[in-house]
Amino acid sequence: MSQSPYIVNIVELQNVVTNVQGTNTAANIQSLQTAVENLQQMVLFDTKTIAVDVLSNFTASNSINVVANLNLSNAGLYSNSNVINFTTSSTAPSSETTSATFGSFSTLTFSTLIAGNLTIQPNLSTLTFSMFSTPTLKITSTGTLLYTSSPTYFSTGVDIAGFLYVSQSAYVKNLYQTSDQNLKTNLQSFSTTTTEVLRLEPKRFEWKSNGQSDLGFIAQEVQSVWPELVSRDPYGSLNLEYSKFIPLLLESIRELNARIEVLEKKAM
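Residues 1 to 268 (full-length UniProt numbering) make up the sequence shown, in order.
Check before you lean on any hint, since a few could be wrong.
What the hints assert, rightly or not - Straight-line alpha carbon distances no greater than 27 Å define the calculated DSSO-like cross-link-like pairs of lysine-lysine that follow:
#1 Lys203 to Lys244
#2 Lys244 to Lys173
#3 Lys184 to Lys138
#4 Lys244 to Lys184
#5 Lys244 to Lys208
Claimed, not checked - Label-pair distances were calculated between CB atoms; the ranges are:
#6 Asn69 to Gly116: 12 to 22 Å
#7 Leu238 to Thr193: 22 to 32 Å
#8 Gly116 to Thr140: 22 to 32 Å
#9 Thr34 to Ser125: 51 to 61 Å
#10 Arg232 to Phe205: 18 to 28 Å
#11 Met268 to Ser209: 50 to 60 Å
#12 Thr140 to Thr193: 47 to 57 Å
It should be emphasised that the hints constitute simulated quantities derived from the structure, not laboratory data.
Beta carbons are placed, not taken as given, at the ideal position from N, Cα and C, and that holds for glycine.
Taking the hints into account, I'd like the entire structure generated from these sequences.
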């Protein structure tokens with residue numbers, strides 16, 4: 001203990017290392033050198049590259065966040081042994097990928113970061129949607145929509161809030177048009193004459209697009225008689241609403257029937 005009258009009760013220090021000699025110290029230095037060598041192999045300072053087999057989060061409760069663009073350099077990306085592979089082409093724009101394969105996920109969501117279009121564009125191929133490995137819907141490169149499952153239709157139906165354009169034949173079991181009185185106002189009776197009906201001339205013709213033979217009316221001719229039956233589509237072509245011929249022809253039948261009744265009374 002110190003004999004100084006000013007400093008009392010100072011405990012002498014014990015087990016103080018005063019040099020770097022000893023087997024334990026040498027082993028620690030060797031271990032540190034090995035760790036530095038391993039770190040130098042994993043971190044390539046010249047190219048600013050990290051070469052590791054496993055990338056894990058440091059804090060178990062936090063996810064790994066990528067705060068800048070991630071360039072896979074044409075390498076594959078896997079999740080739970082399922083490949084998520086994006087392959088780009090030197091001839092494709094940098095914003096596009098030439099192929100992408102996704103593994104098994106419960107939900108797969110595509111979205112755009114800002115307002116814009118999300119485009120899926122197969123090149124001379126078919127876009128297929130499958131359920132449980134069974135194709136249910138196909139869109140060909142020419143824009144043809146195919147239902148490939150059995151039965152070949154959706155049991156719940158398809159709702160279209162707009163116009164539906166069919167360039168070829170449409171086959172339906174039943175076709176209904178909205179006609180509820182609760183949806184109509186300003187109801188008025190109308191009359192037509194047989195003369196107006198006779199002004200229409202049915203034609204046989206061939207379609208320029210495919211040479212197919214057909215028969216019907218010419219929209220321009222119908223428009224001059226009953227313009228309500230004619231409309232123009234977004235492509236500028238005139239179209240006929242053939243279902244509206246029914247009330248007009250029915251009214252013509254009523255007029256003819258009235259004439260027949262008059263003639264029958266005169267003949268009596």
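Original post:
Which of the listed hints are not met by the structure?
Top reply: 3
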